[in-house]
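A.B. asks: Make the full structure from the sequences, and use the hints.
Protein chains: 2
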Amino acid sequence: MKEPCPAPPEFDDDFRAKLGDLIRWRRDVRRFKADAVDPALVRHLLALASCSPSVGHSQPWRFVLVESAERRAAVRASFKRANADALQSYSGEQKHLYARLKLEGLEQAPVQLAVFVDESTLVGSGLGRRTMPETLHYSVVAAIQTLWLAARACGLGIGWISILEPDVINSVLDVPPEWQLIAYLCVGWPEEEHLDHELERAGWESNIDRSKTILVR
Amino acid sequence: MKEPCPAPPEFDDDFRAKLGDLIRWRRDVRRFKADAVDPALVRHLLALASCSPSVGHSQPWRFVLVESAERRAAVRASFKRANADALQSYSGEQKHLYARLKLEGLEQAPVQLAVFVDESTLVGSGLGRRTMPETLHYSVVAAIQTLWLAARACGLGIGWISILEPDVINSVLDVPPEWQLIAYLCVGWPEEEHLDHELERAGWESNIDRSKTILVR
Numbered sequence: 001m002k003e004p005c006p007a008p009p010e011f012d013d014d015f016r017a018k019l020g021d022l023i024r025w026r027r028d029v030r031r032f033k034a035d036a037v038d039p040a041l042v043r044h045l046l047a048l049a050s051c052s053p054s055v056g057h058s059q060p061w062r063f064v065l066v067e068s069a070e071r072r073a074a075v076r077a078s079f080k081r082a083n084a085d086a087l088q089s090y091s092g093e094q095k096h097l098y099a100r101l102k103l104e105g106l107e108q109a110p111v112q113l114a115v116f117v118d119e120s121t122l123v124g125s126g127l128g129r130r131t132m133p134e135t136l137h138y139s140v141v142a143a144i145q146t147l148w149l150a151a152r153a154c155g156l157g158i159g160w161i162s163i164l165e166p167d168v169i170n171s172v173l174d175v176p177p178e179w180q181l182i183a184y185l186c187v188g189w190p191e192e193e194h195l196d197h198e199l200e201r202a203g204w205e206s207n208i209d210r211s212k213t214i215l216v217r
Numbered sequence: 001m002k003e004p005c006p007a008p009p010e011f012d013d014d015f016r017a018k019l020g021d022l023i024r025w026r027r028d029v030r031r032f033k034a035d036a037v038d039p040a041l042v043r044h045l046l047a048l049a050s051c052s053p054s055v056g057h058s059q060p061w062r063f064v065l066v067e068s069a070e071r072r073a074a075v076r077a078s079f080k081r082a083n084a085d086a087l088q089s090y091s092g093e094q095k096h097l098y099a100r101l102k103l104e105g106l107e108q109a110p111v112q113l114a115v116f117v118d119e120s121t122l123v124g125s126g127l128g129r130r131t132m133p134e135t136l137h138y139s140v141v142a143a144i145q146t147l148w149l150a151a152r153a154c155g156l157g158i159g160w161i162s163i164l165e166p167d168v169i170n171s172v173l174d175v176p177p178e179w180q181l182i183a184y185l186c187v188g189w190p191e192e193e194h195l196d197h198e199l200e201r202a203g204w205e206s207n208i209d210r211s212k213t214i215l216v217r
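So the protein sequences, as listed, match chains A and B. Residue 113 in the numbering used here sits at position 113 of the first sequence; the count goes up by one each step and never skips. Residue 207 in the numbering used here sits at position 207 of the second sequence; the count goes up by one each step and never skips.
No lab work stands behind these hints, which were simulated from the structure alone. A hint or two may mislead.
It does not matter which identical chain is meant; a pair holds if it fits inside one copy or across any two.
[As the list claims (entries may be wrong)] Capping the alpha-carbon separation at 20 Å, the derived lysine to any residue pairs in SDA-like fashion look like this:
| hint | residue 1 | residue 2 |
| --- | --- | --- |
| 1 | Lys95 | Val175 |
| 2 | Lys18 | Glu70 |
| 3 | Lys212 | Thr121 |
| 4 | Lys18 | Gly155 |
| 5 | Lys102 | Asp85 |
| 6 | Lys212 | Asp118 |
| 7 | Lys33 | His194 |
C.D. replies: What follows is the structure, given as structure tokens:
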């Protein structure tokens, strides 16, 4: 027998205002407390993330919870190499500023999550990917942003690390070569909640004039 | 004088439950009512989307509100060509099923929004993009998912169209060649609110076993 259709939820002004707060107060977190995160909460958040849109309903997200100390150390070593290389690409005052930035929380974050796209998936039968195949990867990013917001609503912080060697991460985590790294996420309770952007605080970059990002045609 | 720091918002169980509903009830909408959408609401939603994370705080999202009837017709023509080509890639029963799918709401949607990444942006000074340059594109996807959820909380539906010729869209919308199309979004009031996935309804694809998308290492 078919389940009866549930009634659509109603969202009111209070909810929308809080959702706006949630969106504005989400931060890329690099400083975590040592406190553990309940594994059931992590699974709950991953289930919510899996309700995100995906091209052709392909659901290509693959989540790898990185728990082994050895693997975590190898990820940290990859960050250090990639970051040392990045530092050399800057010069002068910018190089000094870059060297002072805290760009990851790999030593403190109690939960570490590598997120991949499965490029070999047959789910969705290729629908929507013929002229824009990159939408498979984009689907995984949508899931990450859903996860990020849902985590923040629980008080959890997430930090996205992209200063890594993707091939090394595949190898360290022993995942299929058809899985491509989209993000490596540090998850945990943030040392501090704040509204201003981390890189604005550090003097690296400011908010741009938003009116310049919208055109009418 | 520096503004005093506002107190962090508090999110309670009620809010988290509603947020879960929002995430589960977001749909890719292809059937819209004719009713107009207040332009101020669209601007408000774009401002919220612009609070999304971006690599190195690069904020590379560029939003183009497509209002001209001629340009809209040219976008629709691009969809028709790309979709006819996609249809030919299927055969047998799947081809018949594909032909029956409604994959866009380009004729009905009152608001149409092309979303690009500005690959030429210097904002963020390249931070975080050295080993994973694709994170610039991913930043725009995060903004789209924020927009999608915030729109849904207002009762607005969004449909993401990827069955298009990206170069043609750049030309039709007269945007710089350094802007790469990430998504073309139809926005409007949905004919119906529903919990089940559009492509599951149509028999194209089902939810996958979520436990198979999570590994521990």
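A.B. asks: State for each hint whether it applies.
C.D. replies: Against the structure, the hints:
no., hint, verdict
1, Lys95 with Val175, "neither (35 Å within a copy, 34 Å between copies)"
2, Lys18 with Glu70, "neither (40 Å within a copy, 39 Å between copies)"
3, Lys212 with Thr121, "between (38 Å within a copy, 12 Å between copies)"
4, Lys18 with Gly155, "both (14 Å within a copy, 16 Å between copies)"
5, Lys102 with Asp85, "within (16 Å within a copy, 48 Å between copies)"
6, Lys212 with Asp118, "between (36 Å within a copy, 12 Å between copies)"
7, Lys33 with His194, "within (15 Å within a copy, 40 Å between copies)"
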